[in-house]
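2 protein chains.
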Amino acid sequence: MASSIAHDIALEISPKPGDRIEELSTPRPIIDEDRLAANIARVQSYMDAHGLNFRPHIKTHKIPALAHAQVAAGAKGINCQKITEAEVFAKAGFEDILITFNILGAEKLARLSALNDRIAGLKVVADSMVTVDGLSDWFAARKPLTVLVECDTGGARCGVQSPAQAAALGKHIAGKPGLVFGGLMNYPKPNDAAATQAFLVEAVALLKNDGIECPIVSNGGTPSLFEAHLVTAATEHRAGTYIYNDRSMVRAGHCREEDCAMHILATVVSRPTEDRAVIDAGSKALTSDLLGFADYGQVVGYPDAVIKGLSEEHGVIDLSNCIGPRPEIGDKIRIIPNHTCVVSNLFDQMVFHRDGVVTRVEDVAARGLVW
Amino acid sequence: MASSIAHDIALEISPKPGDRIEELSTPRPIIDEDRLAANIARVQSYMDAHGLNFRPHIKTHKIPALAHAQVAAGAKGINCQKITEAEVFAKAGFEDILITFNILGAEKLARLSALNDRIAGLKVVADSMVTVDGLSDWFAARKPLTVLVECDTGGARCGVQSPAQAAALGKHIAGKPGLVFGGLMNYPKPNDAAATQAFLVEAVALLKNDGIECPIVSNGGTPSLFEAHLVTAATEHRAGTYIYNDRSMVRAGHCREEDCAMHILATVVSRPTEDRAVIDAGSKALTSDLLGFADYGQVVGYPDAVIKGLSEEHGVIDLSNCIGPRPEIGDKIRIIPNHTCVVSNLFDQMVFHRDGVVTRVEDVAARGLVW
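Listed in order, the protein sequences are those of chains A and B. First residue of the first sequence? That's 1 in UniProt numbering, and the numbers climb one at a time after it. First residue of the second sequence? That's 1 in UniProt numbering, and the numbers climb one at a time after it.
Hints listed in this document are in silico derivations from the structure and should not be mistaken for laboratory results. Using N, Cα and C, we set each Cβ at its ideal position, and we do this for glycine too. Check the hints yourself; a few may be wrong.
Said to hold, decoys possible - With a cut-off of at most 25 Å between alpha-carbon atoms, the simulated DSS-like pairs for lysine-lysine come out as follows:
id, chain 1, residue 1, chain 2, residue 2
1, B, LYS143, B, LYS189
2, A, LYS76, A, LYS91
3, B, LYS189, A, LYS308
4, A, LYS143, A, LYS189
5, B, LYS308, A, LYS189
6, A, LYS308, B, LYS308
7, B, LYS143, B, LYS91
8, B, LYS143, B, LYS176
Claimed, not checked - Covered stretches of chain A, as calculated for chain B (at least 3 residues, CB under 8 Å):
id, stretch
9, 48-59
10, 96-106
11, 281-289
12, 321-327
So here's chain A without its partners, still in its complex pose (with noise of 0.2 Å):
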């Protein structure tokens, strides 16, 4: 083999300002910058209409230009989930991170504790002895780490149990060598204010009897997010994928099919029978997350058009319901995903148009890293 290697093929593909949308080659994501900005405009004037401060989550995005746009906009700091991904925003000039994870094991506290020494607002969570006496053995003889407790208020991922196990904890952290307690985060059910409210007034209460003071009271989500007023003992609310939308937001109620900022741009590649139309989006494009809904993304401007299933470069779209004009071979339509997250996590560039024309091309600089 190899007689004639391709060595000044170049595989960078990246569109360039004034580029038209339309004119792309498929499969891409592609961001519309009005409606993020009016995302991101709506949700920070509800935070400040009432008091809440704002923490957005970058796993939706892992683009620190967006965040630097959710700051200016007025958010408090930012929320990452992995400590690579908070290293990265570190090196963009984020100080004000918290983490929202366990971390355990000696290579992550190393990581962990460079980061913690070069940035002054650097928080974690923990929800077990495990956890908080693994960070207090490695923090006791360095810079001190803030850690909140992770409740279960009812999201049934991560967290203390009840009111009395989260004062413990805090309780406990509170007296550990090398970490400052931070207070409290929660990972919520969507549309349970009211049981959210009363587990954190609860614990805050439990704290404040042992003469313990919770700095900060983390409550999140996307879905539910406008009732987070409801909960008056957070004094600060988290959440990511409002800045794009996407299809499980619309039917969660958060939004309008026209605030998805984000589209999928695909092109009809081939359309074996009258029924069956295939595009060149498939589970590595759109991914495979159905979130509750029966098909792989809603196609803009077929209402009735099915995204039955996806190979990994393939979907197969069930145009049986279809009234009206089908897509043809050469056509390009656009999907709104199920959930917009998981799709930046696959595309090491995002695409932003105004209109239909590019404005810009970021890195998707915090994809992909492995913890």
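Given chain A, work out where chain B should sit, using these hints.
Coordinates of chain B only, in the frame set by chain A:
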């Protein structure tokens, strides 16, 4: 913000040969060298025994070094799904490349012809007059491109629907300037060798009646790969997943659990309840591909553990059916993913090991290329 930007934090996290797998931070996909080599050898031996040319699909690993190993074992060429994948592998020295996709649009055609100018054995497929005519218009004044007709022999994705359509499109290609008719290609339904054989035999005969030979008849798929010899009309077989194998291939009967070369190493980060464990591998490590399973992977050593839900960076495991020891906070576990090909697409590097000791780290060179 940004008073002490952390310019000096190294973002690269690359294990070194000699590192022990159980010391790696998680989540991390890891590849067992011996299983990998055995999977390559087993399938190549089968193909050799039946006189079938073998064309591995690189979508599963996207790593040139692994494709070189596949070719060294006897594979005739490689299969790519995207032009950009083919470019990466052309750069790495591969010449016999079949892109099993309908290529449409000026930008893709320009890159396709640039690639065709540089390597000897580039081939693509088409399943419509629209695609064929687009290729012919572009290649008429350039080095001719070899085009195969994609046939839907039961896979219900792309492809012409009947042998008569296949013959008609093949004849059309053969008469078009700039194109060389290369034969037939199909994406079959598993366990459907008889239908595949019947379709291909008839299409080949119809073309022969018109004096048109099929140099290549390319059948494919891992799930029922060991029935490839029943499709005697085929001159070659394509398969990707076999090199790593995964839970869906175990279910399909293609391999055993101990033939799965890829595991996802994860850490238990929380045990909020007696029956719930939370790991640091979520949909951004395992993907949401269910492929008909009820949960998101098989936990090695805990056959009754159910990975019932994934957030982006958390996996929630239901332990309620587990008899015996349950994993504790800090424990590292291994997961056999439902679908290995989509996991490869999430990570920039893949870590290989033998008996738990890192042997090498390979860049996933064709990961995340846009099209």
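Now for the hints, and whether the structure bears them out:
For a cut-off of 25 Å, the pair hint linking LYS143 of chain B to LYS189 of chain B is broken: about 35 Å separates their Cα positions. With a C-alpha separation of about 18 Å, the suggested pairing of LYS76 of chain A with LYS91 of chain A holds against the 25 Å cut-off. Distance check on the hinted pair: LYS189 of chain B and LYS308 of chain A sit about 17 Å apart at the alpha-carbon level, within 25 Å; holds. Of the pairs offered as hints, the one joining LYS143 of chain A and LYS189 of chain A is violated, with about 35 Å between alpha carbons and a cut-off of 25 Å exceeded.
Straight-line distance between C-alpha atoms of LYS308 of chain B and LYS189 of chain A comes to about 17 Å, which keeps the hinted pair within the 25 Å bound. For the hint pairing LYS308 of chain A with LYS308 of chain B, the CA-to-CA distance comes to about 22 Å; that is within 25 Å, so the pair holds. At most 25 Å may separate the alpha-carbon atoms for a hinted pair to count; LYS143 of chain B and LYS91 of chain B meet this at roughly 19 Å. For the suggested pair LYS143 of chain B and LYS176 of chain B, the alpha carbons sit about 13 Å apart, so the restraint of at most 25 Å is met.
Here the stretch 48-59 of chain A counts 1 residues with a CB under 8 Å from a CB of chain B, which misses the bar of 3, and the coverage is violated. Given a C-beta distance limit of less than 8 Å, the hint that chain B covers the stretch 96-106 of chain A holds, as 5 residues qualify and 3 suffice. Counting residues of the stretch 281-289 of chain A whose C-beta sits closer than 8 Å to any C-beta of chain B gives 5, which meets the bar of three, so the coverage hint holds. Figure legend: the stretch 321-327 of chain A, annotated as covered by chain B; annotation inconsistent (0 residues with Cβ-Cβ distances under 8 Å, at least 3 required).
When held up to the earlier numbered hints, the structure conflicts with 1, 4, 9, 12 and fits the remainder.
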